[in-house]
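Asks: Model the placement of chain B on the given structure of chain A, informed by the hints.
2 protein chains.
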Amino acid sequence: MNAELPLAQGWMNAARTPFDAEALFNPRGIAVIGASANLSRIGGQPIRALLDAGYAGHIHPVNPKYTEIAGLRCHRQVADIEGPCDLAIIAIPAALVPESITACGRAGIRFAIVLSGGFREAGEAGKTIEARLLAAAREAGVRVIGPNCQGLISTSSRVFAVFGAISHETRMQPGAISMVFQSGGFGFAIMTLCDALGIRFRHCVSIGNEADITTPELVAALALDTGTRAIFLYLEGVRDGRALIAAAHGALAAGKPVIVWKGGKTEAGNRAAASHTANMTGQYDLYRAAFRQAGMIEARSVDEIADLFTVLSSGRPIAGGNMAALAISGGAGVVFADAAIAHGARLPAFTDQTLEKLRAVLPAFASTANPVDITADIFNDISRFTAALEIVLADPNIDQLAILLASLPGKLALEAANAIATAQEQSAKPIVLAWSARRARATEAYERLETALIPILPSPERVGAAAATLARHADAARFALPNLVRASEHGAARAIHRGRRTLNEIDAKRLLGRFGIPVTNDAIFAAAGDSADCENLSYPVVAKIVSADIPHKSDVGGVITNLPSLEALRRGIGEMMAAVQRNAPAAHIDGVLVSEMVTDGTEAIVGVVNDAVFGPTVALGLGGIFTEILRDITYRVAPFTIEVAHAMIIELRAHKLLTDGARGIAPRDTEALANTLVRVSEMAWRLRDSLVELDINPLFIRPAGKGVIAADCLITLNGEMAPP
Amino acid sequence: MNAELPLAQGWMNAARTPFDAEALFNPRGIAVIGASANLSRIGGQPIRALLDAGYAGHIHPVNPKYTEIAGLRCHRQVADIEGPCDLAIIAIPAALVPESITACGRAGIRFAIVLSGGFREAGEAGKTIEARLLAAAREAGVRVIGPNCQGLISTSSRVFAVFGAISHETRMQPGAISMVFQSGGFGFAIMTLCDALGIRFRHCVSIGNEADITTPELVAALALDTGTRAIFLYLEGVRDGRALIAAAHGALAAGKPVIVWKGGKTEAGNRAAASHTANMTGQYDLYRAAFRQAGMIEARSVDEIADLFTVLSSGRPIAGGNMAALAISGGAGVVFADAAIAHGARLPAFTDQTLEKLRAVLPAFASTANPVDITADIFNDISRFTAALEIVLADPNIDQLAILLASLPGKLALEAANAIATAQEQSAKPIVLAWSARRARATEAYERLETALIPILPSPERVGAAAATLARHADAARFALPNLVRASEHGAARAIHRGRRTLNEIDAKRLLGRFGIPVTNDAIFAAAGDSADCENLSYPVVAKIVSADIPHKSDVGGVITNLPSLEALRRGIGEMMAAVQRNAPAAHIDGVLVSEMVTDGTEAIVGVVNDAVFGPTVALGLGGIFTEILRDITYRVAPFTIEVAHAMIIELRAHKLLTDGARGIAPRDTEALANTLVRVSEMAWRLRDSLVELDINPLFIRPAGKGVIAADCLITLNGEMAPP
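The listed protein sequences correspond, in order, to chains A and B.
In terms of the numbering used here, the numbers along the first sequence are unbroken and rise by one, the last being 724.
In terms of the numbering used here, the numbers along the second sequence are unbroken and rise by one, the last being 724.
Extracted from the complex, chain A is given alone in its bound form (with noise of 0.2 angstroms):
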């Protein structure tokens, strides 16, 4: 958790150019300060299992009480340790830890790893101790993982540089996915089932307190590492969204799907905000938008993260949406369907041709239709269904095949085997199965599948859930990829939350303007019965009372609307004076503000939080009950393209509302909506040194071809910024 971090520091991280990942995963030589000659403590562990995993370079115990460790020369100090040294793992006191970082730095190290505890996770004192770690390193040109972290494994080149249950699973063997865990226990717990199911990993980093080196720069490393397919992080924060953004952009240009499992997705929101905007939005909103923006797969158990994992072993390129099913089972084709359905893909029709070819092999009571059953019939003749295999494998509206097996067990599973890795060997498209024979009674079967990169899930919803999830993946890449989130050398945002100053609406509407969001034709009504402007408005009108003390006019009167006259509104305005000296006396008033009133407008709310993590954010909902009683709100990590904005509008519950119209309502005008989000997004970016909230509530959608248009503003600025 590293929520308490000042912010600058990761802003300076994101800042850095990306470590040599070489010498960290592959390093020539390993230092343990702190070793420890009993191999079942801390300082002992990473020895024993360095050696267990067969390390082949050099290891350097460092301890004075020693002189040999588990056959190992022991190092008095650091500076003693001869030939070539990358890396050390320290595992000694807390407050030792610094000075053995800059001892590190002059012997040439240049990265640690810190398994120590005590630091900020332990209370002020930690903290500083933290802070001192951070100066050494940053002046010894050393790179920290941790501290507080359970350490790295690096499976290629064999570093176990890890403490607890994990250090004993040296037999691990390499593969081409690569992790990230803010919590080391849950993260190596998750690589330990998944290993059990045959997935193999590469880079796996427990990565702690994050005083130095950061989730976002590991994520950014690994993009580059060419051994490593595809990435899964354990995150529960970071400092810098937009960092994080970044680093998933570059693994998605590297063709590297990322796969984020977000803990703490029900903590509350308690944000102390003016605005509606900023009020409705959690943490969790705004990492939503974020990895909807990065192209980020999110994962909520470690079954599902199996599965992607599994599906992406095959290491075929990710195939489309549009899946078939070959099922012996019509229960397993009806849940397949079922599940790859409600995660996006489409179970298209197979063409007359094929329809065709598969009732002149298939018996009479088979199912052809997508999803094919061809039944039990499969323990009579599998040479019908090697023949539907390659039938529905051939048709052109097909992207993918799951082959959903059953139990199927001995000599007829061996059979399906051959047939279905030969079809595999043929096409070019993928071929997923869903098969739950106990490996005892089909183990041909399973190696010839296994050698064949064929990938196995056990049932058939779970091959529909992650067939479907890597599908829409790929088309959510190839979105995200040209619309970009801009990220600043200095991080999210420096907006200062302190010192707010309100501007009034007419300030604020002044403002929409100069960044072109249409604002309502406005007048000031001046009390000395000069009331020009309002004579050339078309009333309807509405009055609101200006002043920057009243953020919420309406609750104290100051809003008076359907006003039809010119002498309707002297009087209301007469009455509206009354109430607000009444209810707010202390405020000080700018005056009258008179609308024209939208009468053909949909109410939308577009707002702006400008979060300390993820910086300027556009907020998108329809008016009132859609927004707080149905939350059905939708968020941008801003500035973003047009494309983004109108994915933001589909993204509603309610964007049917919009788009096909509704009880008689014509469609909006969705287009303008658009461009106002983009101008919003563009406004909230230019200004995200200033600007802590907006609220654009209502903006009026009207019908399509008339645009939108801002009826009401809020604006919050940092106290100490110049008007605008």
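Think of the hints as simulated: they come from the structure by calculation, not from any bench.
Note that this is a predicted model, so its numbers are computed, not measured.
Heads up, some of the hints might be wrong.
It does not matter which identical chain is used: a pair holds within one copy or between any two.
30 angstroms max Cα-Cα, derived DSBU-like pairs, lysine-lysine [to be verified]:
hint, residue 1, residue 2
1, K656, K265
2, K411, K65
3, K357, K127
Replies: Using the frame of chain A, we list chain B on its own:
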């Protein structure tokens, strides 16, 4: 898939007395009709399986071709069997099955499992044979499972009356979970997967075409079976939804959770109906309502099912939803909390006393709040873990405890296991474990925990989800039991959906009034200037054309709202008549209905669908956008109690709009709404033989204390019924 069977048949079955399950699941002897000497053929597999499984009764192969099969005497015909025989397994061509059933009856065999295919699923000829089969069974007094099924396994009596992959799994040991599958291949694959996880089963039945014995009947039998502790159904559809609800209620009353996986969720609804309600209702909506009303747990993956089974296998009563977690990894605690809360559990704060005690035993960097994170400190001193475990378990705010051990291996794991087993012996509160150590690294610890019947799942989110789901179920069960759904001895519904007759608005409102449902104050406008009735109305009023030929009045200009006076009414009606004449020249006009307008009401739609499977079912949604765009609709099978009506209201996503008020709108009269829902449900039930569909649209829900009022109503009745 049972969609094609005539409805009447399902109803008859529902009305039959429960069958003698003992003879089915624990038969004294088993005949195998169509026995094959080749034990790998369908007629041979059950013989091999029964022998391998150690079935203790007599096996009687029947086939005139042989005198002996697998060392058993083979009979020429069923009549030749000597000694008691309760069950026949039939694997002969479809056309021969009916007479074989007759022979079984003569021989005193009471149950037949028909494995053969070639019946309803194979087209028209097969349907005829299936009808003959049923007639033969009724005549002979034989109850039949199948045809076209994979058979039945009863582990307690070693009955493996099955073919296919599952016929090899004869070492499966008895447990307390029974299952019914509407897909044998998929169902037995679930059984295989779960058995590999250590879950044990009792009676598992592939139900096939359900020509005779239906899924609800089996559920009813399993509810009465003392050895069954929980029931799982893989369901694609039933013919009599009320029989299913009644059977599930029976299980609930016996304290047995019913878990259901509904396959075919994404099937498109294709009603062609006049009412909004019917057009918006898919079959799955009604199943979900029924599951809720019967207190059934809906599952959608094998893992979810397996996890529920694992937790249920402890044999402890299901605990409440106040959960605590004790983790050795922060991430595990976070992930557990996310999942538990998402599934409806709570993580309450500990008492001050608990916190004080925890602080005394745990190190400073541990987190003592719920979820507790004792950190990797467990590697230093396990006694602190043990102490914390006892302290947390004793907290009075806590119903159950999850312990999250990551992959803790070896000696530490054994010490932890001992502590957990001891604590569980001394506490009535259930303990559930998330633990992913490889078995080989912690064999003794696993054995210790398994002996103590402590459920172990591999990851914390699965523990959170399963324990919370069961806790929520316990609440749902308490609610469902006193709110039993009424079943009819004649099944769900008999309204014939041919020969429809739509009532005009006057008659429809009269009918509502007769059932105590408040309607608007109305008058008939008499064209001849004599509009005395209209003079007594409170204006403004709305005028609506009355014609049974015009179901959607506003589409033809047949509605004018907001008429402020009698003069305006007269004028408006003139215009309306012209518009209607233009747009619907053929319609027979009964007159013009004039209703007082409701100005302080929130619009709702209350509708009734008279479904072929579930009978009359009531729908509730809020006006226009909420139902049409957001599909925020809730359903309950009629009739129901006021508690159920309140549950419907709360289930709407937008319910806060009614209960809390919003945007200056006062809370609505949900008490009156609930009352009206009950009355509509009573009306729907009373008229179930004539009511085809009903829409009250809008029903205005007025401010609290002011009631509700039906402003318009569409009712379609069976054409052959006399007007109500």
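Asks: Indicate, hint by hint, whether the structure satisfies it.
Replies: We went through each hint and held it up to the structure:
1. K656 / K265: both (28 angstroms within a copy, 23 angstroms between copies)
2. K411 / K65: between (62 angstroms within a copy, 28 angstroms between copies)
3. K357 / K127: Between copies only: 26 angstroms across chains, 71 angstroms inside a chain, cut-off 30 angstroms.
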